[in-house]
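Sequential numbering from 135 applies to the sequence shown in the working numbering.
Among the hints, a few may not be true.
Unchecked claim - Below, computed lysine-lysine pairings styled on DSBU-like, alpha-carbon distance capped at 35 Å: (1) K361 x K390; (2) K165 x K277; (3) K384 x K253; (4) K214 x K361.
In case anyone wonders, no lab produced these hints; they're calculated from the structure.
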Amino acid sequence: MRDKPLDIGGAAEELWRHYTCALKTCDSQEKMTQFRPCIDLHSGQVKQIVGGTLSNVAEDLKTNYVSKLPASHYAELYQKHNLRGGHVVKLGPGNEEAALEAVRAWPNGLQVAGGINDKNAQYWIDQGAEKVIITSFLFPSGKFSLERLESVLAALGGDKSKLVLDLSCRRKDNTWFVAMDRWQTITEMEINQESIALLEPYCSEFLIHAADVEGLQQGVDEELVSKLAEWCTIPITYAGGARSLQDLEKVHISSKGKVDLTIGSALDIFGGSGVTFDECVEWNKTH
135 MRDKPLDIGG AAEELWRHYT CALKTCDSQE KMTQFRPCID LHSGQVKQIV
185 GGTLSNVAED LKTNYVSKLP ASHYAELYQK HNLRGGHVVK LGPGNEEAAL
235 EAVRAWPNGL QVAGGINDKN AQYWIDQGAE KVIITSFLFP SGKFSLERLE
285 SVLAALGGDK SKLVLDLSCR RKDNTWFVAM DRWQTITEME INQESIALLE
335 PYCSEFLIHA ADVEGLQQGV DEELVSKLAE WCTIPITYAG GARSLQDLEK
385 VHISSKGKVD LTIGSALDIF GGSGVTFDEC VEWNKTH
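Generate coordinates for the entire structure from the input sequences, incorporating the hints supplied.
The following block contains the structure:
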């Protein structure tokens, strides 16, 4: 007499359900939009400015906030809450000491941007920066130089994990072009799938300020966020226009969790009223 077949259907189904659930959980943990902090420096002070007003004419600058606290205060605050991947941006001259204060306050915890080139990239790593962020040096006369990019990477010992490319941009003819020199000069490089593919092998991350909406607190450029998620295979941080905790949710949805978000002027620690620092910290803990 043939034995009755063992019915394992229910058990197998249950195992499969747990397996697929675990995969989904793992995937969601890998792709969740995070809040990334910033320290924007202008004339040696921590400020929040309207990005499109940066120029050589001081009277044109529109400022949302000027802090009475040193850059090191914010570095220590971010360290306390383990908010890694934040950027210290030197907007123009007179910010070297403040930037040094920040990276020395949290060694290997912050990224530094502003005036970075092949001569000083390693210096900033030696001073405590986790990574250096570079834009303008790569665009002599507004034209992209692969030779310069290779030179910066060589100065870092070929370690692309220490290099972030800042592709901060402005809209032009319904697309986006990289902007340099405090976002006043629009380069010839369009941000698209081809340019992203060209640059990705040389860096570990992209930082992208949408300069047209930076500091305006009128909402993020969701179209740009969505395109970046589609084109990029490495980490991306977007900054510009964020005004509330809901923008973290919007970026998460638009990018399927692939793009992180910096909130500046709307944040209470920078005089804003749109979202509190504690809410952003809690977002990261729960996402």
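Checked against the structure, which of the hints given earlier come out wrong? Number 3 - this is the single hint that the structure violates.
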